[in-house]
Amino acid sequence: MTKPHKHCPVCGISIPPEERFCSPKCEETYAERARKVAKTRRMFYIILAVIIVLYIAYVFRGQLGF
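This note's numbering puts the first residue of the sequence shown at 17, with every later residue one more than the last.
No lab work stands behind these hints: they were computed from the structure. Just so you know, not all the hints are guaranteed correct.
Unchecked claim - Okay, the calculated beta carbon distance ranges per label pair:
#1 Ile67 with Pro20: 40 to 50 Å
#2 Lys52 with His21: 24 to 34 Å
#3 Glu34 with Arg58: 26 to 36 Å
#4 Lys22 with Ala73: 46 to 56 Å
#5 Arg51 with Met17: 31 to 41 Å
#6 Ile72 with Gly28: 42 to 52 Å
#7 Val26 with Gly78: 49 to 59 Å
#8 Gly78 with Cys27: 52 to 62 Å
#9 Glu34 with Ile68: 37 to 47 Å
#10 Phe60 with Pro20: 32 to 42 Å
#11 Met17 with Val69: 51 to 61 Å
#12 Gly78 with His23: 54 to 64 Å
Stated by the list, open to error - Here are the simulated lysine-lysine pairs, BS3-like style, with alpha carbons at most 25 Å apart:
#13 Lys41 with Lys52
#14 Lys22 with Lys41
#15 Lys55 with Lys41
From the three backbone atoms N, C-alpha and C, an ideal C-beta is built for every residue, glycine too.
All chains should be built: construct the whole structure from the sequences, respecting the hints.
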């Protein structure tokens, strides 16, 4: 039977259960990916909010005095 382990979320190498990453390089890669995902998600919500505001302005254009 194999001893308890888990895998690095970046490269998949087997690591001890108490470790999160196999190396500092994988930790940096993971952090960079997380920043990119957060930036993309933030941009999506901003664009979605702008579209909603424009839609509301379009729908109520005659009633709001635009």
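Verification of the hints:
{"no.": "1", "hint": "Ile67 with Pro20: 40 to 50 Å", "verdict": "holds, 49 Å"}
{"no.": "2", "hint": "Lys52 with His21: 24 to 34 Å", "verdict": "holds, 28 Å"}
{"no.": "3", "hint": "Glu34 with Arg58: 26 to 36 Å", "verdict": "holds, 33 Å"}
{"no.": "4", "hint": "Lys22 with Ala73: 46 to 56 Å", "verdict": "holds, 51 Å"}
{"no.": "5", "hint": "Arg51 with Met17: 31 to 41 Å", "verdict": "holds, 39 Å"}
{"no.": "6", "hint": "Ile72 with Gly28: 42 to 52 Å", "verdict": "holds, 47 Å"}
{"no.": "7", "hint": "Val26 with Gly78: 49 to 59 Å", "verdict": "holds, 55 Å"}
{"no.": "8", "hint": "Gly78 with Cys27: 52 to 62 Å", "verdict": "holds, 59 Å"}
{"no.": "9", "hint": "Glu34 with Ile68: 37 to 47 Å", "verdict": "holds, 45 Å"}
{"no.": "10", "hint": "Phe60 with Pro20: 32 to 42 Å", "verdict": "holds, 39 Å"}
{"no.": "11", "hint": "Met17 with Val69: 51 to 61 Å", "verdict": "holds, 59 Å"}
{"no.": "12", "hint": "Gly78 with His23: 54 to 64 Å", "verdict": "holds, 60 Å"}
{"no.": "13", "hint": "Lys41 with Lys52", "verdict": "holds, 17 Å"}
{"no.": "14", "hint": "Lys22 with Lys41", "verdict": "holds, 18 Å"}
{"no.": "15", "hint": "Lys55 with Lys41", "verdict": "holds, 21 Å"}
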